[in-house]
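A.B. asks: Two chains, two frames, some hints: make the complex.
Sequence lines, in order, name chains R and E. The opening residue of the first sequence carries number 1 in this note's numbering; numbering runs sequentially from there. The opening residue of the second sequence carries number 1 in this note's numbering; numbering runs sequentially from there.
Don't read these hints as lab results, they were simulated from the structure. Treat the hints with care, as some may be off.
Claimed, not checked - Partner residues aside, some chain E positions facing chain R, computed with beta carbon under 10 Å: (1) Val12; (2) Gln37; (3) Gln41; (4) Leu43; (5) Glu44; (6) Tyr48; (7) Gly59; (8) Met60; (9) Pro61; (10) Gln104; (11) Phe105; (12) Gly107; (13) Gly109.
Said to hold, decoys possible - Short derived list, chain E residues pointing at chain R, Cβ under 7 Å: (14) Gly42; (15) Asp56; (16) Phe65; (17) Glu103; (18) Pro108.
Where is the CB? At the ideal position from N, CA and C, for every residue including glycine.
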Amino acid sequence: GQSLEQPSEVTAVEGAIVQINCTYQTSGFYGLSWYQQHDGGAPTFLSYNALDGLEETGRFSSFLSRSDSYGYLLLQELQMKDSASYFCALRPPALKAGGFKTIFGAGTRLFVKA
Amino acid sequence: DARVTQTPRDKVTEMGQEVTMRCQPILGHNTVFWYRQTMMQGLELLAYFRNRAPLDDSGMPKDRFSAEMPDATLATLKIQPSEPRDSAVYFCASGRTSGAYNEQFFGPGTRLTVL
Numbered sequence: 001g002q003s004l005e006q007p008s009e010v011t012a013v014e015g016a017i018v019q020i021n022c023t024y025q026t027s028g029f030y031g032l033s034w035y036q037q038h039d040g041g042a043p044t045f046l047s048y049n050a051l052d053g054l055e056e057t058g059r060f061s062s063f064l065s066r067s068d069s070y071g072y073l074l075l076q077e078l079q080m081k082d083s084a085s086y087f088c089a090l091r092p093p094a095l096k097a098g099g100f101k102t103i104f105g106a107g108t109r110l111f112v113k114a
Numbered sequence: 001d002a003r004v005t006q007t008p009r010d011k012v013t014e015m016g017q018e019v020t021m022r023c024q025p026i027l028g029h030n031t032v033f034w035y036r037q038t039m040m041q042g043l044e045l046l047a048y049f050r051n052r053a054p055l056d057d058s059g060m061p062k063d064r065f066s067a068e069m070p071d072a073t074l075a076t077l078k079i080q081p082s083e084p085r086d087s088a089v090y091f092c093a094s095g096r097t098s099g100a101y102n103e104q105f106f107g108p109g110t111r112l113t114v115l
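Isolated chain E (complex conformation) (with noise of 0.2 Å):
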């Protein structure tokens, strides 16, 4: 049963300090998106890529925000230095690009607190 992972799932730190999560895509999906989730925001775009091509990070704060993906396995997502107001529950989706179609495979997401 193919499905994306994330790592950590839960991430308790302190003002300042360097946060990376990661994201392992579902085998054969090309695309990778990195959503963010709030009570206020809703769920909210970050950054995606095709191919490993970063194609829109748009929704990211670049100067404390960063996105990659070293390799078709391993997707990152790294916040340097953090602040309180990047609590959220940060998701990890994939899929295949098809025509038109918009089907996405979340991960079960990694709780971030910022103290």
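So that you can see chain R by itself, here it is in the shape it has in the complex (with noise of 0.2 Å):
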């Protein structure tokens, strides 16, 4: 089966950088993503990482190293609305042609104060 783990929470100060991490478990799959969500709100998509590497889209980024089963979600400049649940996610190689199932982590609490 798949696994994704999570850290549950982080805090960090408005301004700073924060580093969300993700590792998995899985015999192989097509690319990492990562979704945001604030409470009460719906997940929003961020970022998917196909390939190893970073990924940037302005000030978030996300990187992907399959040969470290490992991920991680970049915020920079942190401002108070980044304060929301951070899930990472992925793709499992298709049981069925043209499957698209995805695998989400119990996702991260983003903490930023003041």
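C.D. replies: This is the structure in structure tokens:
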């Protein structure tokens, strides 16, 4: 089966940089995604790593290392509005043609302090 | 601004009643997912469809849950009979299958409370 591990909580100061780690166990997968969810809201897509390395999107970057079964989300210049839950997710190999199943981690709650 | 819509947004019902949740995916998306989110279990995939065909519903309790896509603009998730342990937020998400790309667009969710 597949599983993803994330820290349950992270606290950081406004303006700082924070890294949220995600380790996984799977026999194979297509890529690692990251989603953000504010309290009472829906998950929204942040980034996707199909290949090893760093993907940058504005203040957010995501990294993947398949050899280490590890990825992370890096948030720079933290703002109060970044306080939310962050989920890593992966798409395992399809059991059926065209399969698009996604497995989500338990989420990391980020608290940004002034 | 295209978005996934879900109805109802909130539902309170009594144990044993039937509950139907509806989702309108983004036009042009060919993949639809149903998720359930609770504090204890996190975000669980219940079922998903590609081109309206069910591909995987292994995450769904078969005896009481059913998911269908009667047409490309409507997906439904039905619980019959409902139980208190079904209380959760149910999200629908849609996406476009494109190689390995995996972006999913989530609806606002239906908060279900079963008394």
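A.B. asks: A separate judgement is required for each hint: does it hold in the structure or not?
C.D. replies: Going down the list of hints, with the structure as the test:
1. Val12: violated, 17 Å
2. Gln37: holds, 9 Å
3. Gln41: Nearest chain R Cβ about 9 Å off; hint holds.
4. Leu43: holds, 4 Å
5. Glu44: holds, 8 Å
6. Tyr48: holds, 6 Å
7. Gly59: At about 9 Å, which falls below the 10 Å cut-off, the nearest Cβ of chain R leaves the hint on Gly59(E) intact, so it holds.
8. Met60: Hint on Met60(E): violated, closest Cβ of chain R at ~13 Å, above 10 Å.
9. Pro61: violated, 17 Å
10. Gln104: Holds - the Cβ of Gln104(E) comes within 10 Å of chain R, reaching about 7 Å at its closest.
11. Phe105: Constraint on Phe105(E) satisfied, holds at 7 Å.
12. Gly107: Holds, about 6 Å.
13. Gly109: At 6 Å from the nearest chain R Cβ, Gly109(E) passes the 10 Å test, so the hint holds.
14. Gly42: holds, 5 Å
15. Asp56: It holds, given that the least Cβ distance between Asp56(E) and chain R is near 6 Å, below 7 Å.
16. Phe65: violated, 17 Å
17. Glu103: For Glu103(E), the interface hint holds, since the closest Cβ of chain R sits about 5 Å away, which is under 7 Å.
18. Pro108: OK, holds: Pro108(E) within 7 Å of chain R, min 5 Å.
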